[in-house]
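Throughout, our numbering is defined as the position within the sequence shown, counted from one, plus 667.
These are calculated hints, taken from the structure and not from any lab test. You may find that some hints are simply not true.
[What the hints assert, rightly or not] No farther apart than 27 Å at their CA atoms in a straight line, the calculated lysine-lysine pairs in the DSS-like style are these:
id, residue 1, residue 2
1, Lys-778, Lys-729
2, Lys-778, Lys-702
3, Lys-776, Lys-702
4, Lys-786, Lys-752
5, Lys-752, Lys-729
6, Lys-900, Lys-776
7, Lys-786, Lys-729
8, Lys-702, Lys-786
9, Lys-900, Lys-752
10, Lys-900, Lys-702
11, Lys-786, Lys-776
12, Lys-702, Lys-729
13, Lys-900, Lys-786
Small disclaimer: the values here were computed from a predicted structure and weren't measured.
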Amino acid sequence: MSASAILEAATARMAGLGLEEVNERAALMTRVDRKYFVDASTLDRFFDLVDDDFAVLEIGGKRLMGYHSTYFDTADLATYRDHLKGRRRRYKVRLRTYTDTGTHFLEVKHKGLRAVTRKTRVPYLGELEVGGPVPRLGEPGHAFVSDVVANAYRQPLPGPLAPSYATTNRRATLVSLTTDARVTVDVDLRLTESDTQRVAGLRSQFAMIETKSGRGASSADRALRQLGVRPVKVSKYCAAVALLRPDLPSAPWRRVVRTYFAPAIAG
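Make a model of the complete structure from these sequences and hints.
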């Protein structure tokens, strides 16, 4: 059985929460993130361990939501190279679209002290045509990103930002009933290079789990440890570049992408 089928079945039996209550319980714009990859069997056992401790986000009767993210970078992929080198001052810029609600946010995710992730976002300020041309940041979007980076790191942008890679996936969001923890589970993940439209994807038997907590390891992290799963350091953006640009260095993520992702295919 695919990870997608396991996720649909597991979330169907959980308690549901509306978006407003989820944000009240755990907005977590500043948090510690941990990422894991699990196969379908392990995903099923994970839900057996945690489904009494968590509820699932439900909007309009749906529990698996569609996401589309366009990542922006310089022509020489400066933000990717900062992640490759493990620089403390590193960040990602993306336009996130919630495809079920048609809402769009421009987001900057950057690392703070002690590996804490901070996310700053605003409603999209660029030039967007849904289903049309690749979105552009425009002057307001560049100004927003520039301000966030300047406030975080006291440095300017390394150059103009343009669409580089895009990701699409379906996601279930779990929220702890007792703490501030959240867990996202992604399936049907596809990675696309904006210029060539070449595509790669997460293999159907795997899911990507991300735990988010303001207080260190959560019960979800402990459940995954009990199942023998260890966190990995990789982002969707870095995985996309590593898969679709084999001419670029990708040593920190090479084993992960070869294990869990299908090779690049024509779009």
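Here is how each hint holds up against the structure:
1. Lys-778 to Lys-729: Roughly 32 Å between the alpha carbons, so the hint for Lys-778 and Lys-729 is violated.
2. Lys-778 to Lys-702: Holds - the C-alpha atoms of Lys-702 and Lys-778 are around 15 Å apart, at most 27 Å.
3. Lys-776 to Lys-702: With a Cα-Cα distance of about 15 Å, the restraint between Lys-776 and Lys-702 holds, given a limit of 27 Å.
4. Lys-786 to Lys-752: Within the cut-off at roughly 21 Å; holds.
5. Lys-752 to Lys-729: 40 Å, violated
6. Lys-900 to Lys-776: Roughly 15 Å separates the two Cα atoms, so the pair holds.
7. Lys-786 to Lys-729: 25 Å, holds
8. Lys-702 to Lys-786: 16 Å, holds
9. Lys-900 to Lys-752: 13 Å, holds
10. Lys-900 to Lys-702: 7 Å, holds
11. Lys-786 to Lys-776: 4 Å, holds
12. Lys-702 to Lys-729: Holds: Lys-702 and Lys-729 sit about 24 Å apart, inside 27 Å.
13. Lys-900 to Lys-786: 18 Å, holds
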